[in-house]
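Given the coordinates of chain A, work out where chains B, C and D should sit on it, guided by the hints.
4 protein chains.
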Amino acid sequence: MDKIKVRTDLIIESLEASGDTIHMNELQHTEELVHGMKINQVIINDEHGREIGKRAGTYVTIDTSAVNDHDHEQLLKIQKQIAIEIDKLLTKNQITEDSVGMIVGLGNDNVTPDSLGPNVIEQVFVTKHLFELHPESIDPKGFRPVCAMAPGVMGMTGIETAEIIDSVIDRIKPDFVIVVDALAAKSIKRVNTTIQLSDAGINPGSGVGNKRKELSKATLDIPVVTIGIPTVVDAVTITSETIDMIIKHIGHSLKNNRPSNRLVTSATPNKVDFSEQDVPDENVVRDLFGNIGLMSVEEKERLIFEVLTPQGLNMMVTPKEVDTNIVDLSHIVARGINLALHKNIN
Amino acid sequence: MDKIKVRTDLIIESLEASGDTIHMNELQHTEELVHGMKINQVIINDEHGREIGKRAGTYVTIDTSAVNDHDHEQLLKIQKQIAIEIDKLLTKNQITEDSVGMIVGLGNDNVTPDSLGPNVIEQVFVTKHLFELHPESIDPKGFRPVCAMAPGVMGMTGIETAEIIDSVIDRIKPDFVIVVDALAAKSIKRVNTTIQLSDAGINPGSGVGNKRKELSKATLDIPVVTIGIPTVVDAVTITSETIDMIIKHIGHSLKNNRPSNRLVTSATPNKVDFSEQDVPDENVVRDLFGNIGLMSVEEKERLIFEVLTPQGLNMMVTPKEVDTNIVDLSHIVARGINLALHKNIN
Amino acid sequence: MDKIKVRTDLIIESLEASGDTIHMNELQHTEELVHGMKINQVIINDEHGREIGKRAGTYVTIDTSAVNDHDHEQLLKIQKQIAIEIDKLLTKNQITEDSVGMIVGLGNDNVTPDSLGPNVIEQVFVTKHLFELHPESIDPKGFRPVCAMAPGVMGMTGIETAEIIDSVIDRIKPDFVIVVDALAAKSIKRVNTTIQLSDAGINPGSGVGNKRKELSKATLDIPVVTIGIPTVVDAVTITSETIDMIIKHIGHSLKNNRPSNRLVTSATPNKVDFSEQDVPDENVVRDLFGNIGLMSVEEKERLIFEVLTPQGLNMMVTPKEVDTNIVDLSHIVARGINLALHKNIN
Amino acid sequence: MDKIKVRTDLIIESLEASGDTIHMNELQHTEELVHGMKINQVIINDEHGREIGKRAGTYVTIDTSAVNDHDHEQLLKIQKQIAIEIDKLLTKNQITEDSVGMIVGLGNDNVTPDSLGPNVIEQVFVTKHLFELHPESIDPKGFRPVCAMAPGVMGMTGIETAEIIDSVIDRIKPDFVIVVDALAAKSIKRVNTTIQLSDAGINPGSGVGNKRKELSKATLDIPVVTIGIPTVVDAVTITSETIDMIIKHIGHSLKNNRPSNRLVTSATPNKVDFSEQDVPDENVVRDLFGNIGLMSVEEKERLIFEVLTPQGLNMMVTPKEVDTNIVDLSHIVARGINLALHKNIN
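Residue numbers (my numbering), protein chains in the order written: chain A, 110 to 455; chain B, 110 to 455; chain C, 110 to 455; chain D, 110 to 455.
Isolated chain A, as found in the complex:
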């Protein structure tokens, strides 16, 4: 049962899923549009966190279609925005410009959709060894000591990833950690489009159903900023979400009095952000989609899970262009980190 509960790495999906429990207006919540990116910030306190099964903290979400669109100009703007949001989270956590940072890239370098973290590590600018061994080679005004590691995944190391990270942090004693990871989305819309930054901590491997030790301020004693981007989604999600979209699509068409031929309207040629208001009334939904249309998201996902899993078909999938997606994503995250941590970089 708990295998199929709505589990997600994205706060925005957790909040959507628990729409009944928490109303957005109870939360400290802002939303703005910056250079074509939608930027959401929400602060989850301990109480709300317990209700939705998330750790307390600040969560920032940057939404952009630039990676899927291969829009290189927009990608430049995103990396700057990532730098700004990292900077805000570090400042909120009293991190000063000369404090020592460690970047941790989670994931498996040999599984392309899971290789975001290790790829970022290859591109971040590390300086801690220079400060120690060649202090004359680096300007402490524009740079700070930064180190990095890609601890691998348990399937390749045989060790809990959190153990490796924790033991190295214990030894190296950085002042803060930035953790980068590829996530699983509960929506096809969010694959490669949502960048979540947070200071609430992370469970390495939690996104694919493993319970591992936590990496957070509570466990490590230093601020932990996480940067996560969904790169995979499962077949249950794709189906459940599409059924919802069909219902809203038709509701939207009916409301807008478009002639429809049997079920299908003459199509909505442009992208529409469907909302709950687009769900038609119960009789229409039952007519269109029967009892399944009336199920909650959770019930529907459980049903689809029960159908697909015995067939071995509830697979995690990633878009066909996974190779260039990871190149672009790792580049903007690494650049964002470099810009945030070193004021004098280019």
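Everything labelled a hint here was simulated from the structure, so no lab data went into it.
Backbone N, C-alpha and C fix where the C-beta goes; we use that ideal spot for every residue, glycine too.
Beyond 12 Å from chain A on every Cβ pair, some chain B residues (computed):
#1 Glu245
#2 Arg280
#3 Lys322
Result set (DSS-like, lysine-lysine): computed pairs, CA atoms no more than 27 Å apart in a straight line:
#4 A:Lys326 to D:Lys282
#5 C:Lys201 to C:Lys282
#6 D:Lys197 to D:Lys326
#7 D:Lys380 to D:Lys186
#8 B:Lys357 to A:Lys357
#9 B:Lys322 to C:Lys282
#10 B:Lys201 to B:Lys322
#11 D:Lys357 to D:Lys380
#12 A:Lys326 to A:Lys197
#13 A:Lys186 to A:Lys197
#14 D:Lys282 to A:Lys282
#15 D:Lys357 to C:Lys357
#16 C:Lys298 to D:Lys298
#17 C:Lys326 to B:Lys282
#18 A:Lys282 to D:Lys326
Using the frame of chain A, we list chains B, C and D on its own:
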């Protein structure tokens, strides 16, 4: 409209889609189980080919879960079976043991799920240059002249792939061609599990909606054996197929008198090959899935296509383990080709 | 015997090797320093070509340490210079701005130091298919039809590379060809530092001792611009060249009256471009290096070849940083080609 | 000065270099020929270790040309021999069959000739997490708990590699460590041919001139088995060694009364293992190679170093076939480790 018609690279899917038009018993059709693989052979004549939009020829389908299961022992059996089926197709086309073969690997080496063809080319044993330049180094009894090429994709070469292949064949004059390509499936079940061999020819790039020049005996004047494996599937297919499976799953449960709680039965714990007989009667389907449940596959896919496409969500996806999948698939295809073409290879 | 004759892909090395036969002042020869690059241009006529075993044509050599130094600012200047030199060679050969170009990347994508050509092909901007299939998508004022291919190497295709290229050119009928290849140097100094452009044609594979069919205006009937960069050097060359450098180094020190301790002077701390004038007189050379010091380059190389080859030690080597070298080299060549062929590219 | 002293990662080279100080017959030394591999074992005590600048311990050297020859049958034998030698070193250090092992792969995954260690880590069979989380899935009779890590290099992590390893060992507390690393050879003959196993410990990065913290039983308190294979060599070494070989080659020819034409004999067509006995007498050497011929290896290398370094030419190089070399080497080392640590593996 025609963008969304049921288009597939697999004969088995074409036949399923046109269930009403052609009955399997009209066709020369055999099915056997060999070492855990289901092997289907069907001969399509010109008339049937026109009806289902496929070229005439022999189509063999090997079904196996060995790649998804990482079952290395089973993979060894599959590569032998691929060799047997290639051999049969060559023999049927009067290809003798000393005739000259050319292997063509279609696809894009930089897009992992599309790199099956180029990966196979790296692993096939080429000998044509040895026969010409160092005949003393090779035994003509156990080996034949084989050459190979990976022509790339039009997006990288700016040239129709069929033009490149045709011009090299014109010059090199092999006696037969084996073409390897990654396909798009119309069923999640078939991704990385179905290996189709045929002598009916291929349109490079046809699987992703491009109409290109044909590679076939008709156009090249020599036998063309194709080996295709679906490695991607689109979101429309996943959703449409899953809706069908839910309907059959429930029908199957009802027929088997399993108690059901609301809609969902206590689940079918084992893999079931659902069939048309599992579809419950119309009233039940309408009850469960409304009018959408009563739509034909084609109507349903058109509807889903109309909903997903304007949202930019009708993406082609591939399982997360794409890297090892392609390694395993290219290995068994290359080994199968090597075993078929060179009798004395280990 | 002829296996060890001084064979080189670089005109500048051929001319050095045959210093006695041709004097530079007999040739049309210019040398300039542009933005820190040394640019040499020499025009070889048929007569001179016969004497030094090279095809007639214009040869341009750009010398730079930017790749070995990872000097990214300088790399930007080199790619512009490559564009300028390509443009000059095309103009000299009456190629107009709307003529159709084909880029050919020679070499083996799976052997890093030999993968320059295929890597360039992945980065050139191809447009021929757009002109034909989507003419509305491309501005014929700023762009021209360009296509590209990476034909592979004979060891992987079983076909003479020149045959593949020739047959595709025959079919596609471009107006000119640009061929990119990794070369073997006859000097460690030139590895990754010398970029040779020429309109004299090329023999695919000639650099590693294979005699293959020629790609040139004479054989293809269209202008052929080649871009070659040495990425490997053999152990014979390293040793022979170093012995020469030791002799000149000591001669240079003696001339400059530096105190020497036994043989070795207190070192030349800065880079010196040794010349023939640095060779000390025969008695000194004999004293230092015995009869071997008096041998000609050719004799010395033959001797070293005879010693190393039976031991299996005359290997081709490449600097340890081969991976980043090829990334940088392929990037500047691809960008240079793009800038030369498409006037409106960024 | 000390930059150019004879520094090597291979005990066999250290002993050769200090031929005057230690005579092999003072040492516990055995040499045997097993399946075409030459296997050398030498035990260095503290006193000898101080004299040659090496740590005390057992050093085993396996010599084979199988990698350079691509001899796959021989490679199978080597991996078994590696397993045998690991087993002996573990037994000598009182490691029992159920003790917990950690494999550490040193080096940089993005620099092919330095990627031996990380490549091995990808192929070793890790089981520690299975013993802890799924003990039912693994047979403790045939398998032991094994974990693995690839800590990266200081240039990418900004942290001393030994610090990372030490902190993880501190936490995980394995009973022994196996460290795999690519080395620098002081002889072209040894590149990709010599596999050194030892229990004397290692300094990460020592092979390329960096002094780092030591990984040894003394520092980690558990046995450390190292497996090192030279994959690079510098230009100074190539030249110095070749000059020596020329001298011995000629001495060998003179001794064998072969007619010689000028300096060069009619060549030694077969591979000869030259020895010190092949050095001709001083007058002959002076005649051939002048004063340079009479220099010691160390003097000669210092001279060549002084000549090449200011020119930026004392590069580390690797054979052109570096990609397949690393594939083959990492495969035999990983298989050797797997066979040694898990009795029931295939």
